[in-house]
Amino acid sequence: MKKFRRILMWLALVLIIMLTILSVYGAFIGAERAQGFFNSAPSVVYWVVLGVALIAGLVAFRRLIRVPGLLLTHAGCILILIGGMLGSEKGYRVSGNDTTRKGLMQIDEGQSTNRVFVRKKEGQGHDMKELPFFVKLNDFRIEYYEPGYLEIETGDGKVQRVVAEVGRRIDLGAEQGKAQIVKTFENWKMSMEDGKRTAYEDPHPGSNPALAVQITPPSGEATTHHVFSLHPGFGHDPNAPKMLYNRPVNRAISDYISELEVIDKDGKIVAKKDIEVNHPLRYGGYRFYQQDYDHQAGRYTILEAVSDTGIPVVFAGYWMLCVGVIWHMWLSHLFKNIRSKKQTDGN
Amino acid sequence: MEIKYTIQGLLVYTTMAAYLLAFVVSMLRKPKTGHALYLFGFAVAVVSYAYRWYDVRHVPLQNLFEVFLFLGMIYPVSLFCRRVLRVGGYVADMLIGVIVLFPAGFVFHAEPQYLPPALQSWLFTPHVAVYMLSYIVMAKAAVQAGCQLIGKTPKRGSDILPPEQGTYRMVLAGFPLLTLGLILGSYWGKLAWGDYWGWDPKELWSLVSWLVFLAYFHFRYMFGRKHPNMNSLLAILGMVAIIITLLWVNLSKLFPGLHSYA
Ligand code: HEM
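If you read the protein sequences in the order shown, they are chains U and V.
Residue 0 is where the first sequence starts when you use numbering that gives the first Met the number 0, and the numbers rise one by one after that.
Residue 0 is where the second sequence starts when you use numbering that gives the first Met the number 0, and the numbers rise one by one after that.
No lab work stands behind these hints, which were simulated from the structure alone.
Quantities reported herein were computed from a predicted structural model and do not represent experimental measurements.
The beta carbon of each residue, even a glycine, is placed where N, CA and C say it ideally should be.
No false leads were mixed into what you were given.
One side only, chain U facing chain V, incomplete, derived with CB under 7 Å:
1) Ala11
2) Gln34
3) Val276
4) Asn277
5) Tyr317
Straight-line alpha carbon distances no greater than 30 Å define the calculated DSS-like cross-link-like pairs of lysine-lysine that follow:
6) V:Lys201 - U:Lys120
7) U:Lys340 - V:Lys154
8) V:Lys189 - U:Lys89
9) U:Lys128 - U:Lys271
10) U:Lys120 - U:Lys89
11) U:Lys182 - U:Lys272
12) V:Lys225 - U:Lys1
13) U:Lys267 - U:Lys128
14) V:Lys189 - U:Lys101
Work the whole structure out from these sequences, hints included.
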């Protein structure tokens, strides 16, 4: 037994050093290739040997069972390994689990879909899978740290400023009446229909941020004016107050938000969430993450749909590992000190 | 190399000067003055960090400038190690303070940045802060290991541990923090990107740092103090891995063609 323990301890050391070296190698080849490498057949053999060595350690060393901190750390590691294997591609295949593990969904605003595109091996394109429910995108929006502002020169030469959002109003005084932002455009275009000019949002690539501002004099009819961020003064009506759409060019993004609904086969809404980075939607064993979006016109979102049956096991392992090391390396020493202090005080 | 002619810069340089002076004075066997200067330097470091916090309006742990600024507040760790853990290296800590503030003062830019969406999470502060704390502790472990290698021993009659045991105690103190940082990061990855482990270089280097200390524990369990130099070498190797982890994005530029991930 003593010899076995010695061999096992050497094995543990060799396995730890091996993983260290392989990780350094993995760091040099980039994430994508490293992922393939650590999921390859030889790596699976390594993971299994590590798991077996840990279990053998628990059997061979009484201390690893008796000392709670050591038990938690080693058993926690075993759980993390098992959970990792369960959730891996090979794990899904071996266990016959045919839920979609991971894939991308592209959804247009106002549309719903249940299609997930699963990437095959490098350069081999995508597989299309279907979820047992639909995900609908009501709206996709981007929020910025520095909002744009509408600035209006009022009658007495003063400039008033409001955040450029639909519904914001400015009181222009007794003579000029009121102004209100009625629409915002990312890519303003004009079309002619039946001899009437209409402004519209062009979904095609391009940028021409503009605001439609309605001005209502105290007596008289409301008129709509367009204010352009890139072309100040363009199309200015001399009878209207001077307006400026002040918007920083390279604004820092504060949030990407997809307003989602989950719709079941009967068309009933069964879940709803405005997701952001760090705030995914959970439904039916899947989590939906904000992954990407339509960079040109902001008309669609790209979600990542992920299901991972290994997660509860991995997280249980994380808890055990954390509690284990803190118990073994901090608390047990603290308690020992307190106890020995009490004893010396008692004497 | 960049000199910062700003209030922030002035605060960083003042801290560095105070720490350096504290170190020199302590080496000249004036421990009381050294301690006072160290304490003064710490007070300025706290003001400097608070000023940055006020300036950027979020916990300043976003980039390397802010992270090194945080590491510059080393004094409480120093004090805790000497008073409670009985580990030496108190005077060397002053020098560590100067070293970690150097990149903040002279290398990294200090332009305030907005928090990008990926960093807006409750995990941001605990994950980074715990890591930084573990790095300071492990840096002290490496200094102890260095003292062991050059054969330094504490003065007779002092209650400070010999360096080999000092190293072990520091690694015991730092390892749970390192584990916590790794696991919080992994949990955050799950929350933000859907994966708790993405095999990217920075993640792998953080795993390497953790594994080296794991090897240290198992090696030391097998041989105890029979091979003290090997124990120390492993602790120093762990610190090297930590430095690479921290600076990987910058270091990876040295390897052309390699992707770099924050
Ligand atoms: C591969 C098989 C492994 C075996 C056979 C093994 C065995 C052991 C043994 C016998 C000890 C000494 C316990 C004592 O102080 O009496 C130990 C300590 C420890 N092991 Fe493992 N171990 C293995 C892998 C791991 C792994 C993967 C981890 C990762 C969490 C780990 C974490 C620890 C920790 C944190 C300690 C405490 C170190 C200390 O208190 O000095 N071990 N291990």
